[in-house]
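Chains as they are written, first to last, in the working numbering: chain A, 1 to 423; chain B, 1001 to 1154.
Wrong hints could be hidden among the right ones.
[As the list claims (entries may be wrong)] Cβ-Cβ distance ranges computed for the label pairs, FRET-style:
no. : chain 1 : residue 1 : chain 2 : residue 2 : range
1   : A       : E72       : B       : A1090     : 17 to 23 Å
2   : B       : E1085     : A       : H289      : 17 to 23 Å
3   : A       : E72       : B       : V1096     : 58 to 64 Å
4   : B       : L1021     : A       : A370      : 50 to 56 Å
5   : A       : V162      : B       : S1082     : 49 to 55 Å
6   : B       : A1137     : A       : V59       : 53 to 59 Å
7   : B       : A1090     : A       : H289      : 41 to 47 Å
8   : A       : A370      : B       : R1086     : 40 to 46 Å
9   : B       : E1085     : A       : E368      : 46 to 52 Å
[Unchecked claim] Far from chain A, some chain B residues (derived; all Cβ distances over 12 Å):
no. : residue
10  : L1021
11  : A1047
12  : A1065
13  : A1115
14  : V1118
Hints in this document: simulated from the structure, not taken from any laboratory. The structure presented is a predicted model; accordingly, all values stated were derived computationally and were not measured. Cβ coordinates follow ideal geometry from the N, Cα and C atoms, glycine included.
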Amino acid sequence: MTRIVSPRLAAYAGLAATGLITGLATGRVELVALAAPFALAAVAGAALARDPAIEATLVLDRERALESEDVEAALELVSPGGSDRVEVLLQLPAELRSRARNPRAVRLAPGEPRTLTVPLRCERWGAFAVGPVLVRARDPLGFHSWETKLAGRSPLRVYPSVETLHALLPPFETQVFIGNQVSRTKGDGIEFADVREWEPGDRVRRVNWRASARRGGLWVNDQHPERNTDVVLFLDTFADVRSAGRGTLDLTVRAATSLAHRYLQRKDRVGLVSFGGYLSWLLPASGTHQLYRIVDSLLQMDIVLSFATKGVDVLPPRTLPPKALVLALTPLLDSRSAAALLDLRARGFDLVVIEVSPVPFIEPGKGELAELSYRLWRLSRESLRARYEQAGVPVIEWLDGVPLNVPLEEVAAFRRHARPARA
Amino acid sequence: MLAYAAARVPSLAGLVVAIGLLGALLLAFVLVRRADDLLPWALAVLAVAYTVSLFVHGAAVDQAAPLVAAGLLLCGELAAWSLDERHGMAAERAVVLRRALALGTLVLAGLGASAAVVAFTAASAGNGLAWTAVGAAAAVLVVGTAARLARRTA
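Work out the full structure, taking the sequences as your base and the hints as a guide.
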């Protein structure tokens, strides 16, 4: 532990020395009497100085939590010699808030372990390190203090909360593997599609006897097969607009988690592309492992400032499989991501843009010029949306506080009444 | 303490009060601006106010000197405690009680030491070169201790 001596100790010793010498020089005993308590304090301060040799152990009651949940940190302190005042500060990232007093001063009895509990509120998703613990012990009169960092860091992963989604967007085309999505094609399945004349090779159990009796020949039922789909979550991480602890990136990550969770439940394959200053991707796959991979990847998501020009060419081809539904979550703030999405549409991908609106997080400035620029900015966003719609891409604005089901339902309605344009 | 010092020398009460007020202002500045480096200077100025009254008053030993000394130490320690609490850290009751106890003990011990010094002057222990040498050695010892502590602080 680093020992720090209070300047007061030297000052007291100096006052005592001055008093004694002046008293000796002038022959006034009162000055010596005046110096005596300060001399005593200086000597007592030096004599009481003992390194408390504090040891600390930090334990979290769990390593994983959901947003807005509480995690309890238990901090055990022990000092062989004890200390009358130990100031303890548990260093926390900004996303975790202590619900107990932090820092606080406690007393440690000699050799007796003391456990302090610090309830932590997880206010935002992310991968964090709790700790280290900053400890400062003082002697009874505060002449000496010992400071150190203890207990290392404990990892804590806070997962974004998952929103319950009532319905998901079906892609236009399905893949070849079994899943829960009723395919538009005909084949072996459960859902009735049509009746047609019998052909060699058709199984007897598929014969529709009622239709055959009525039409005078053998007619068989056609079904829609149940297939899986490929969904690629395309996250625009070029920019984040934040206000009062909330921001577009938070909404994006929460939406991506909810969508990934729900699509994977449906046995679909889900991939992830983080398109921003730092490019990352996960190849589409299915299963619980993929959900963990996606969520872990989302926890690392951050805005990295970059001026590099990027297009979808930099992505490995396997990240965007053919017939995949590309669900883009973007605040539509960066021209590179806007261009990349149009490029994807031009390549024939089934693209849906959920615009994570930055508007609620931006206050228009005061004054005529500021208001004018704000209106122009809103108009430029409208113009960008119109460009997407011309290309046959549904763009739905998602505002903070609105359930994700609402934009998904709007996209579904759009797709019911619109045909995909071939760019 | 200031009133006591001023009352002892009515002829120069204005000067004593002026010096004392300067010290009090300096102490107030230390507390308000949390300038703990200036705390010893505030105590020193207060001590000077008392010293002026001592020299003006005459050669008689002031029997109340231990109380003044203990008062000065208490003033310094309370100011230091106040400065230590500047961050508004939540301290449990036992911590506050321990410091109050330590402070009280220190001030009482200081009062006792100071009173012992004044009491020794009443004793006829003799005088001469040997006593002067002992006094000088004691002073050198204290100065040496102060220098050593100052070096450790730096």
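Quick rundown of the hints versus the structure:
For the pair E72/A and A1090/B, the beta carbons lie near 18 Å from each other, so the given range of 17 to 23 Å is met. About 53 Å separates the C-beta atoms of E1085/B and H289/A, a value inconsistent with the hinted range of 17 to 23 Å. Restraint check, E72/A to V1096/B: a C-beta distance of roughly 27 Å breaks the suggested window 58 to 64 Å. Against the hinted window of 50 to 56 Å, the Cβ-Cβ separation of L1021/B and A370/A comes to about 54 Å, which satisfies the hint.
The supplied range of 49 to 55 Å is met by V162/A and S1082/B, whose beta-carbon atoms lie about 51 Å from each other. For the pair A1137/B and V59/A, the supplied restraint of 53 to 59 Å holds, since their beta-carbon distance comes to about 57 Å. Our hint of 41 to 47 Å for A1090/B and H289/A holds, since their Cβ atoms are close to 45 Å apart. For the hinted restraint 40 to 46 Å between A370/A and R1086/B, the CB-CB distance of approximately 41 Å keeps it satisfied.
Between E1085/B and E368/A the CB atoms are about 51 Å apart, so this pair conforms to the stated range of 46 to 52 Å. Distance check for L1021/B against chain A: the nearest CB is about 19 Å away, which clears 12 Å, and the non-interface claim stands. Distance check on A1047/B: its Cβ comes as close as 6 Å (rounded) to a Cβ of chain A, failing to clear the 12 Å threshold; non-interface status is violated. Not every C-beta of chain A lies more than 12 Å from that of A1065/B, the closest at about 4 Å, which undercuts listing it as non-interface.
Remark: the non-interface label on A1115/B conflicts with the geometry, its nearest Cβ contact in chain A lying 8 Å away (cut-off 12 Å). Under the 12 Å C-beta cut-off, the non-interface status given to V1118/B relative to chain A is violated; the minimum distance is some 5 Å.
Hints 2, 3, 11, 12, 13 and 14 from the list above are not met by this structure, while the remaining hints are.
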